[in-house]
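Chains W and U are the protein sequences, given in the same order. Take the first sequence: its position 310, counted from the start at 1, is 310 in this note's numbering, and no numbers get skipped. Take the second sequence: its position 166, counted from the start at 1, is 166 in this note's numbering, and no numbers get skipped.
Think of the hints as simulated: they come from the structure by calculation, not from any bench. Since this is a predicted model, take the numbers as computed values, not measurements. Note that the Cβ used here is the ideal one computed from N, Cα and C, for glycine as well. A portion of the hints provided could be inaccurate.
Computed beta-carbon distance windows for the label pairs [unchecked claim]:
1) W:Pro-325 - U:Lys-400: 36 to 42 Å
2) W:Arg-342 - U:Asp-315: 39 to 45 Å
3) W:Cys-35 - U:Gly-282: 32 to 38 Å
Each chain, written out:
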Amino acid sequence: MPKKYHINTEHIPPRFTPVGKFGIVDFNEDCAGACHHCVKKECIYEIYKKEGIFTREMEGPVHYLYSCMNCLRCVQNCTRAAITRVVNPEFRWLGDDYWKPDIILTLWYQSETGKIPVSGAGYRGKFSGPGFDSMWTDMSEIVRPTRDGIHGREYISTSVDVGRKVPILAFDDKRRTAVDIPPLMELPVPFVLSKPPFGDYSPKMYEAFARAAAVLETQFVLDAADITKNLAKYKKHIAPLVRGAEISKYKKLIRSAAFVELIYDGKMAANIKAIKKINTNAVVSVKIPLDVNSHRTAEKLTDAGVEVIHFTADMHGNIGKGEHPEFIKDNFRRIHTHLVDRGIRDCVTLIAEGGIALPEHMAKMIICGADVVALGIPFLVAIECRMCMNCTRGRACPVDISGVPPESGSKRILNLAAAWRNQLLEVLGAMGIREVRRLRGEFGRAMFYEDLERDTFRKIFSKDKKEKAKL
Amino acid sequence: MSIAVKKKKKSKTAPAPKQAAQEITREPQHTPSRFRHAIGKYRVLRSDACIGCGKCAELCPHGVHVKYEGAQKTSRPKDYLCRGFHCKQNCDYYCIDKCPVGALTLRINPVVETIGDPRWTPEMILSTWDMAEHGRVTNDTLNGELGDTDGGFDKLRLNFPKKPKKKLKPKDIDTSIVLNRRGEGGTQIKIDVPWYGGGMSYGSVSPATMVGKAHAAQIWNTFSCTGEGGFPPHLDPYDYNMITQVATGLFGVREETIQRVRIVEFRYAQGAKPGLGGHLLGDKNTPAVAKMREAVAGMSLFSPFPFHSVYSIEDHKKHVDWILAMNPAALVSAKVSTPTDVDMVAVGSYYAGAHIVHIDGSYGGTGAAPDIAKKNIAMPIEYAIPKVHEFLTNEGIRDKITLIASGGIRNAYDIVKAICLGADGVVVGTGELVALECIRCGNCESGRGCARGIASTDPELSNMYDENWSTRRISNLYNGWREQIIEIMIRYGVKTIPEMRGRYDLLRHVDYSD
Ligand code: SF4
Chain W
1 MPKKYHINTE
11 HIPPRFTPVG
21 KFGIVDFNED
31 CAGACHHCVK
41 KECIYEIYKK
51 EGIFTREMEG
61 PVHYLYSCMN
71 CLRCVQNCTR
81 AAITRVVNPE
91 FRWLGDDYWK
101 PDIILTLWYQ
111 SETGKIPVSG
121 AGYRGKFSGP
131 GFDSMWTDMS
141 EIVRPTRDGI
151 HGREYISTSV
161 DVGRKVPILA
171 FDDKRRTAVD
181 IPPLMELPVP
191 FVLSKPPFGD
201 YSPKMYEAFA
211 RAAAVLETQF
221 VLDAADITKN
231 LAKYKKHIAP
241 LVRGAEISKY
251 KKLIRSAAFV
261 ELIYDGKMAA
271 NIKAIKKINT
281 NAVVSVKIPL
291 DVNSHRTAEK
301 LTDAGVEVIH
311 FTADMHGNIG
321 KGEHPEFIKD
331 NFRRIHTHLV
341 DRGIRDCVTL
351 IAEGGIALPE
361 HMAKMIICGA
371 DVVALGIPFL
381 VAIECRMCMN
391 CTRGRACPVD
401 ISGVPPESGS
411 KRILNLAAAW
421 RNQLLEVLGA
431 MGIREVRRLR
441 GEFGRAMFYE
451 DLERDTFRKI
461 FSKDKKEKAK
471 L
Chain U
1 MSIAVKKKKK
11 SKTAPAPKQA
21 AQEITREPQH
31 TPSRFRHAIG
41 KYRVLRSDAC
51 IGCGKCAELC
61 PHGVHVKYEG
71 AQKTSRPKDY
81 LCRGFHCKQN
91 CDYYCIDKCP
101 VGALTLRINP
111 VVETIGDPRW
121 TPEMILSTWD
131 MAEHGRVTND
141 TLNGELGDTD
151 GGFDKLRLNF
161 PKKPKKKLKP
171 KDIDTSIVLN
181 RRGEGGTQIK
191 IDVPWYGGGM
201 SYGSVSPATM
211 VGKAHAAQIW
221 NTFSCTGEGG
231 FPPHLDPYDY
241 NMITQVATGL
251 FGVREETIQR
261 VRIVEFRYAQ
271 GAKPGLGGHL
281 LGDKNTPAVA
291 KMREAVAGMS
301 LFSPFPFHSV
311 YSIEDHKKHV
321 DWILAMNPAA
331 LVSAKVSTPT
341 DVDMVAVGSY
351 YAGAHIVHID
361 GSYGGTGAAP
371 DIAKKNIAMP
381 IEYAIPKVHE
391 FLTNEGIRDK
401 ITLIASGGIR
411 NAYDIVKAIC
421 LGADGVVVGT
431 GELVALECIR
441 CGNCESGRGC
451 ARGIASTDPE
461 LSNMYDENWS
471 TRRISNLYNG
481 WREQIIEIMI
491 RYGVKTIPEM
501 RGRYDLLRHV
511 DYSD
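Chain W with its partners taken away, still in its complex shape (with noise of 0.2 Å):
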């Protein structure tokens, strides 16, 4: 039996002191002094203490802005009422409406400990949401088996094939197989990294995301332009990106690498061609971005023999501009039954970017008939991006992103994503899924938000007798 795939995880500290969700603030002009139990020294979690070595000492970045647990206990029990807290308001600030400060949070933690957060008193956001928060995956209970995989009990796979896939195996009179077997790739997780589309670049950054990558034994999807030497080591697990005029310039990279993908043109056919016939063993992606007609698109690639397709939405998971964008899990439930009605599905691998922002994105991503999905910002986030967009405006990264050093980087974007895998493990196992190829296009195990708001509510109470009857 092959070894079980584990990630191994390790605590990392920040380099920098992150941003904090809470702010405790001292009214010292109120404090009497004199306390002999000051509130502060019954903090259950030491944050004071921890703050006043922090400040004495300058060692490590604690900080009580980014520790403090919130049990409010200083702020009700101090006899002067001397101590209030509120929220941080840089903390407003991180993200964006999509990138929310709340998830910025999370990622870091994930990054920082490598663990699945893990909090009591229920479920605290809103009822639904666009986007991914418009679903919800199933479970299995008495009657369906469930898999119990989360700490290893009972195996799940999270293995996913790249790569074109033959339909139907013909054999010739000597028992070989008489078609040709294009290649395939098998990834161990069901991600590829890709380059984010900001960041404060930088060779030392792109060899932080290699280095996991290799380590992942997954793929780095990035511009063969930004390819340096430093990442020879890992030349397996980086993807040059290519246009099709540039193939012959990136000759030795096409070369040596297991992946290739090519920004979709005119000429396809030829490029891809082009790049076999340097390398035969590559499997070749074409990289395109997400459209309405993005259905009918796929299946023309597919039919041309196309082996991976990778669709990109904008980084909130958005597809084209104007008022009411559509959002990238329905443009690829779209993509998938399309296929699937046309019997070509399993012919190809889907890839999804943009919007990905959590793991359970990536789950709702599979299940709406995406193999794999690309993920650059989380990564980005995992080695302390703030989001702040600096890079883009041509200002200075608060966070240094290209100084980052590519080990401790690199370690705590495999704690990010080893806490993901185990989420994911964790869906899995709940809808008693043993491995996350079955997972894709399975929207029966999936609820959406427009068909459970139908089915209940608009039947029960709509006012419109017509309607009504027909639901």
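Put chain U with the ligand on the given structure of chain W with help from the hints.
Leaving out everything else, chain U with the ligand in the frame of chain W:
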């Protein structure tokens, strides 16, 4: 773990109610916060300019300002009682304007912004605290009815008729429900309020919390549940009002524990983490907990998911029979979560012989759970209730089984909404903990456990309050809820809880009804 049935005992009579340690009645008793400063929506600050004239203390009917006899100065304002800007607009005793020297200022308390979330808004938490302190709503300027989640219960409104058909008085209203509707023997159980308390296990919450819940259940003739960690001795006086849980780890399940209660609950799944097992960290498995669970102290304890002995309704029936062989008078409840086919699971539970099917929606729960599960796995209870109710009705067995809903039921309004959607009654958990001053920080599992002493077995932390305080706070909450439900029923013109069950016409949905 010895769980085998040794010998079929003769039909055991159900336990009789016992006298509790201290007499606490249903009558609300003022039970203020155990912290020096209770948190309120506003902060009232008194500057040094105060001359101690006592005018504000004279004016304020809410007790914000107090001037003790002989004291030079008026005391620090008890600002958690303040009605704030509502008072400024509507009252003629607004202290800020009346202070002769302008020593008072009013502002929103910044702490309020840091507590709560869309499901439990700060105002809902504060209003629950108000109820737990006074036994009824005293501060109606707080919105304790609706959260801010933009869906589910928060989009449903109670649809009151202009004038109720019947004119009712509070004494005409019956808030009780029956739990055994199979009509095939078994104990007849009627509870006085349409809810009972959820399971919180020994080891996860402090003894004072557990006893408080059980004692309040006794006072209100309803139930509380042991959770999965066994039946600790401090619950001995409350057998009559306890449900014991048989969960996947079978921790603490013994013949004796099954026989001493009137209801046994099978926990197939829980809404807090649908589809996932439990995990008690080694640190929390203290010698006392380990003894109760019949396990080795210090070891992490896993409850697997699911029961590895149940993969079909027939297996489930075997489970039910096993309990009934040990305690023929018991009612059996099957606690399940809300997958896509929750309706099928419910029907199956009925045919397997369960008296109660308890559906636990994904948004609730009190125990520590992975965030990914809380938000994403299984459907919210608001969808599951009508789905199961209608399916059972169409199968012709709706009146043979009791449907209990839980998972995100926060207040009296949610209870009524759940019943109107088709449940017979509900289970509450978080509300009780909020009554004990939980602020939903969610750090139940970190370090030594809950810093506020609710969900902790740490010797120091778990002694932050005693069982009298917790009993009175929860009992006050129950009284407040019951009063609100009676008021709602009077406005509806219905006398009993079952009359409201499945009455969609008593609700309105803000998106579809108008
Ligand atoms: S922290 Fe700001 S400047 Fe640095 S990489 Fe992230 S977005 Fe760019």
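Verification of the hints:
1. At roughly 50 Å, the beta-carbon separation of W:Pro-325 and U:Lys-400 lies outside the given 36 to 42 Å, and the hint is violated.
2. Judged by the Cβ atoms, the range 39 to 45 Å given for W:Arg-342 and U:Asp-315 holds: they are separated by roughly 42 Å.
3. At roughly 36 Å, the beta carbons of W:Cys-35 and U:Gly-282 sit within the given window of 32 to 38 Å.
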